[in-house]
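These protein sequence lines are chains A and B, in that order.
Just so it is clear: in the first sequence, position 196 is 196 by my numbering, and no numbers are missing.
Just so it is clear: in the second sequence, position 103 is 103 by my numbering, and no numbers are missing.
Accuracy of the hints is not assured; some may be wrong.
Identical copies carry no separate label here, and so any pair may be met within one copy or between two of them.
Heads up, simulated DSS-like pairs for lysine-lysine below, C-alpha to C-alpha not over 25 Å straight-line [to be verified]:
1. Lys12 <-> Lys257
2. Lys192 <-> Lys234
3. Lys257 <-> Lys89
4. Lys245 <-> Lys257
5. Lys257 <-> Lys225
6. Lys187 <-> Lys225
7. Lys12 <-> Lys234
8. Lys89 <-> Lys79
9. Lys201 <-> Lys257
10. Lys66 <-> Lys234
11. Lys257 <-> Lys234
12. Lys66 <-> Lys257
13. Lys225 <-> Lys66
14. Lys257 <-> Lys21
15. Lys257 <-> Lys79
16. Lys79 <-> Lys66
17. Lys245 <-> Lys158
18. Lys187 <-> Lys158
19. Lys12 <-> Lys225
20. Lys201 <-> Lys158
21. Lys187 <-> Lys257
22. Lys26 <-> Lys201
23. Lys66 <-> Lys201
24. Lys192 <-> Lys26
I should point out that these hints are in silico values taken from the structure, not numbers from a laboratory.
Quick caveat, the model's predicted, so the values are computed rather than measured.
Number of protein chains: 2
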Amino acid sequence: MIIGALEAGGTKMVCAIGNEKGEILKRISIPTKTPETTMPEMIAFFKNEKVERLGIGCFGPIAPDKTAENYGCITSTPKIAWQNFNIVKAFGEALSCPVGFDTDVNAAALGEATFGITQGLDCSIYITVGTGIGVGVYLNGSLLHGMMHTEAGHIMIKRHREDTFAGNCPFHGDCFEGLAAGPAIEKRWGRKGAELSCEEKVWEMEAFYIAQACVNFCMTYSPQKIVLGGGVLKQDMLLPMIRSKFEELMAGYIQTKELADITNYIVPASLSDNQAILGCIKLALNA
Amino acid sequence: MIIGALEAGGTKMVCAIGNEKGEILKRISIPTKTPETTMPEMIAFFKNEKVERLGIGCFGPIAPDKTAENYGCITSTPKIAWQNFNIVKAFGEALSCPVGFDTDVNAAALGEATFGITQGLDCSIYITVGTGIGVGVYLNGSLLHGMMHTEAGHIMIKRHREDTFAGNCPFHGDCFEGLAAGPAIEKRWGRKGAELSCEEKVWEMEAFYIAQACVNFCMTYSPQKIVLGGGVLKQDMLLPMIRSKFEELMAGYIQTKELADITNYIVPASLSDNQAILGCIKLALNA
Chain A
1 MIIGALEAGG TKMVCAIGNE KGEILKRISI PTKTPETTMP EMIAFFKNEK VERLGIGCFG
61 PIAPDKTAEN YGCITSTPKI AWQNFNIVKA FGEALSCPVG FDTDVNAAAL GEATFGITQG
121 LDCSIYITVG TGIGVGVYLN GSLLHGMMHT EAGHIMIKRH REDTFAGNCP FHGDCFEGLA
181 AGPAIEKRWG RKGAELSCEE KVWEMEAFYI AQACVNFCMT YSPQKIVLGG GVLKQDMLLP
241 MIRSKFEELM AGYIQTKELA DITNYIVPAS LSDNQAILGC IKLALNA
Chain B
1 MIIGALEAGG TKMVCAIGNE KGEILKRISI PTKTPETTMP EMIAFFKNEK VERLGIGCFG
61 PIAPDKTAEN YGCITSTPKI AWQNFNIVKA FGEALSCPVG FDTDVNAAAL GEATFGITQG
121 LDCSIYITVG TGIGVGVYLN GSLLHGMMHT EAGHIMIKRH REDTFAGNCP FHGDCFEGLA
181 AGPAIEKRWG RKGAELSCEE KVWEMEAFYI AQACVNFCMT YSPQKIVLGG GVLKQDMLLP
241 MIRSKFEELM AGYIQTKELA DITNYIVPAS LSDNQAILGC IKLALNA
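Bound conformation, chain A alone (with noise of 0.2 Å):
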């Protein structure tokens, strides 16, 4: 079967060939700009391909349930262009071909879970932190939607002791994104995090966040696993110090086999990041 895979993001569109065993056949990337024009490049290309399903990661909010009226629409987006624009009508007509749609990060959580290092297990979260912060959420061998989806890189934590920064989300201020995604990063040390790989304070502040934000899906959802993914975990030393405050922060309180080991419960993305386009494939599947 030909499959189309489409994560779409604010800033690029990636659109993909693949197969049922997960193998991707071809990949081309589209400037994010408005539906008009952005919108007929992305169904040339998977026209020409002649797609038999497509399946969408998509930037958020968007609107899930299959039952609401909204069902297929990104919703109230910062992107003026797109809000409300039903993603899923537009190439479910363009394509004539069943259409999954799902977040982006759920996407990415449902990759690892069909093709990566989180396969067989029943319940796991996967984590990107980059330009925002995400959690995709597969419970029960399904993605949570619940209300809406998750929006969990918007939780409350608590400040590190020594951090005086206020915070960047624009809504919450210090909210986990606010604190940990890449521009927080940025805005608090003066430099990018690229820049910053020597300086042991910004990594240890950093692997608090990320840590704390672990202990508070651990108690929140009971993974079997965490996987993390995103731009910020390219910076190879954050792992083990994430790993490291998690265990301090848990402080035993819960004792089970998977915990035993924690450089086996959290752990990086395995696919390359291709895990989210894997999981469009997966939902073209599922459509």
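Chain A is already provided as a structure; the job is to place chain B on it using the hints.
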């Protein structure tokens, strides 16, 4: 059908008889001593009533995973006599009937979802704030377990800027439970919550903590409704303060029809403190 329900608590065991309609026909309460003394009393009660099924909502942590070797056990509880006691096996053998089993807070969430205010919803949570803090999670028609079960009373949240109390959780100090459960209120202010009804500062701080947890659970679980129960919520002024602080902290970030009416989103338990025992009846029916 004659259904047995057991709300197993650390200080008392509430044993009840009910039916499929959620009617409670008889109820006794037995002090929680050791399995050797308390189990025979409970078994005698249920045997005498000729129960055909039993549902147990139990103090934790427990092993609710049916595929695990220790399924049915109370695990690392500080109540030494009950550590690793397999309560499901003990009742199953003594009563020769199917036994349902979950945490006390999951039972309460299930009670509300089956007979109470969250009936008909796919995704709801139940938070109890009393001697401890627990969260029951009902998602897509079933109770959340994952690796174990939620322990969402122990999430990390921000401290109130005027709060100098160190926190009361033996594991985490100032986690949600350590800051906001009944014993934390008593230690911080030197008197029990029930004696502090007129002290506005007490409840402003308490509302800040509970609202902040509600924000985090709204972001993580995306529930269609949040139900609040437990002894601390008996303070009538608290609920409106929680709602108001919740809206302030959310800052309009999530726009859904459910959140449009906060008085219908964060609601008090609806089953006259019978939510857990009624959930046990449903656990028995599902067994």
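Checklist line | Identical-chain pair category, Lys187 with Lys158, by Cα at 25 Å | finding: For Lys187 and Lys158, both the intra-copy (19 Å) and inter-copy (22 Å) Cα distances are at most 25 Å.
Margin query: With identical chains, the pair Lys12 and Lys257 could be close in the same copy or across copies; at 25 Å between alpha carbons, which is it: within, between, both, or neither?
Written below: Neither, since 41 Å and 30 Å both go past 25 Å.
Notebook entry, point to check: Should Lys26 paired with Lys201 be assigned to within, between, both, or neither, using CA atoms and 25 Å as the limit?
Noted result: Neither: 41 Å inside a copy, 62 Å across copies.
Margin query: When Cα atoms must be at most 25 Å apart, do Lys257 and Lys21 count as within-copy, between-copy, both, or neither?
Written below: neither (31 Å within a copy, 39 Å between copies)
Check: How do Lys89 and Lys79 come out at 25 Å by Cα distance, when the copy is not named: within, between, both, or neither?
Finding: Only inside one copy: Lys89 and Lys79 sit 19 Å apart there, 57 Å across copies, limit 25 Å.
Checklist line | 25 Å Cα threshold - placement of Lys201 relative to Lys66 | finding: neither (46 Å within a copy, 45 Å between copies)
Notebook entry, point to check: With identical chains treated as interchangeable, where does the CA-CA distance between Lys187 and Lys257 reach 25 Å or less: within a copy, between copies, both, or neither?
Noted result: neither (40 Å within a copy, 35 Å between copies)
Margin query: Reference check for the pair Lys201 and Lys158, CA-CA at most 25 Å: within, between, both, or neither?
Written below: both (17 Å within a copy, 22 Å between copies)
Check: Which holds for Lys12 with Lys234 at a C-alpha limit of 25 Å: within a copy, between copies, both or neither?
Finding: Intra 20 Å, inter 52 Å, cutoff 25 Å: intra-copy only.
Notebook entry, point to check: How would you classify Lys66 and Lys234 at a CA-CA limit of 25 Å: within, between, both, or neither?
Noted result: neither (36 Å within a copy, 39 Å between copies)
Notebook entry, point to check: When no copy is named, should Lys225 and Lys66 be tagged within, between, both, or neither for a Cα gap of at most 25 Å?
Noted result: between (28 Å within a copy, 19 Å between copies)
Next item on the list: At 25 Å max between alpha carbons, let me know whether Lys245 reaches Lys158 within a copy, between copies, both or neither.
Entry: Result: close both inside a copy and across copies, 14 Å intra and 18 Å inter.
When held up to the earlier numbered hints, the structure conflicts with 1, 6, 9, 10, 11, 14, 19, 21, 22, 23 and 24 and fits the remainder.
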